[in-house]
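Trainee: Single-letter residue listing:
Protein chains: 2
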Amino acid sequence: MGIGNLHIDIEKVSYKTMADEVEMKLLEYLKKQSFKPGDALPKEMELTEALGVSRNVLREALSRLRMLGMIETKKRRGMVLSSPDILGSLERVMDPLIIDDATLQDIFELRLTLEMGLADILYIRKTKKDIEELEKIALSQKTTPTKQNFRIKHEVEFHGKIYQMTGNRTMQRFQTMLLPIFGHLVNEEKVPIVGKVSHIDLVNLLKNGTREQFREGMRKHLEHHFKKLKK
Amino acid sequence: MGIGNLHIDIEKVSYKTMADEVEMKLLEYLKKQSFKPGDALPKEMELTEALGVSRNVLREALSRLRMLGMIETKKRRGMVLSSPDILGSLERVMDPLIIDDATLQDIFELRLTLEMGLADILYIRKTKKDIEELEKIALSQKTTPTKQNFRIKHEVEFHGKIYQMTGNRTMQRFQTMLLPIFGHLVNEEKVPIVGKVSHIDLVNLLKNGTREQFREGMRKHLEHHFKKLKK
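Which chain is which? The protein sequence lines are A and B, in order.
Those letters in the first sequence? Residues 352 to 582, by my numbering.
Those letters in the second sequence? Residues 352 to 582, by my numbering.
Honestly, the hints are just simulated from the structure, not real lab data.
Hints should not be assumed to be uniformly reliable.
The list treats identical chains as interchangeable, and a pair is accepted whether it falls inside one copy or across any two copies.
Cut-off 35 Å, straight-line C-alpha distance, at most; resulting in silico cross-link-like pairs (DSBU-like, lysine-lysine) [what the hints assert, rightly or not]:
| id | residue 1 | residue 2 |
| --- | --- | --- |
| 1 | 383 | 394 |
| 2 | 425 | 579 |
| 3 | 477 | 382 |
| 4 | 547 | 558 |
| 5 | 579 | 367 |
| 6 | 383 | 512 |
| 7 | 480 | 367 |
| 8 | 394 | 578 |
| 9 | 581 | 387 |
| 10 | 493 | 426 |
| 11 | 480 | 383 |
| 12 | 512 | 582 |
| 13 | 426 | 480 |
| 14 | 571 | 493 |
| 15 | 480 | 387 |
| 16 | 376 | 571 |
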């Protein structure tokens, strides 16, 4: 590698801004002091002095923590620490057009992993009422759609309901976020492929089958996705 | 509900800052204009004019996007859109002390779901070398640790290696983030409970068993966690 290449490598380094550093220091500070949700943060003046930074830089860092849902401004009480919305920032960046290909593939596999793993919690929490609702969804989808976007709509409806049935709101929201990525990758297929086990088959397994029979059904339902995974 | 209560309800509403709004508008703008990683953003002057905001507010919003890894500042080229680090902000907020209890429980279950679902990808990607490495880890853990923190260290080593074996870096990183939460909840148990299937049993299943036998083994390994899940 010549000096020319080295020069290019050096140019690639991005700037680390003051806000990056102050944000990190603030996060460390909050952890070290064992701040808990509801606790009031020190005043801006005290923070700028402790961190040795300007008010503008501090505000930039605080703004980031506000974005993460880690701090809130309350009337009269000022800034307090709050329980962060852990999926909020993930939602902001979940855009198939800007995420790199390797990560898109990872997310695709992550969703398959969740589908295969949720039988355990589903069998603990499923209710008769939920299964009836799922059946209604599956029956309304009886005709196999030829258009890819309809097929994805069906997937969202059906699998979304299954996630809801787990009673796990974080998982449900996470899956909703993963679907555009999934749809983006599946949309690239020319011919829609339907698994050997249909949505209505899955409902019947959920009604009468064991946890493991349901899981085997789900595997067959997703088989064409698994077949495409690279070693 | 009297006026008194209503008054309190109104106080609970947090301020929505200008930066919140400008950040949202910027995200929308980038999507609408189909910006792709590598594309240069318009100059600050143009953005402040288009959005009708002050330079300070714009900078605050841009700082947030920089935090999400969505924009980078490059020498000579200025700000360019980049592929976001999708787990970066999740990492910042994954702190068991500030996350609310319902979400902690959700994350606990999410990790169990991943463990149960990863057999499929693991069986596509596992190599002899990886299994040997996993076996080394399991053998070095032969004595059951009585102290909880040692037990968690073993869990991290062993299960972390399994995630690495899936070849899915996002999933691996995600699991690393979930572990402090898992550890936090498990730490509250007084007596460490060991599943009927040990780490070394899992290695042997991975060597000689089918995907489904491995999964059943994993289920038994995690059985005491599943038993505690509420209907």
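Trainee: All hints are to be evaluated individually against the structure, with a verdict given for each.
Mentor: Structure-based check of all given hints:
no. : hint      : in the structure
1   : 383 / 394 : within (18 Å within a copy, 39 Å between copies)
2   : 425 / 579 : neither (51 Å within a copy, 37 Å between copies)
3   : 477 / 382 : neither (39 Å within a copy, 38 Å between copies)
4   : 547 / 558 : both (18 Å within a copy, 29 Å between copies)
5   : 579 / 367 : neither (40 Å within a copy, 45 Å between copies)
6   : 383 / 512 : between (41 Å within a copy, 30 Å between copies)
7   : 480 / 367 : neither (53 Å within a copy, 39 Å between copies)
8   : 394 / 578 : neither (57 Å within a copy, 46 Å between copies)
9   : 581 / 387 : between (45 Å within a copy, 27 Å between copies)
10  : 493 / 426 : neither (54 Å within a copy, 56 Å between copies)
11  : 480 / 383 : neither (47 Å within a copy, 41 Å between copies)
12  : 512 / 582 : both (31 Å within a copy, 17 Å between copies)
13  : 426 / 480 : neither (43 Å within a copy, 59 Å between copies)
14  : 571 / 493 : within (18 Å within a copy, 37 Å between copies)
15  : 480 / 387 : neither (39 Å within a copy, 45 Å between copies)
16  : 376 / 571 : neither (49 Å within a copy, 43 Å between copies)
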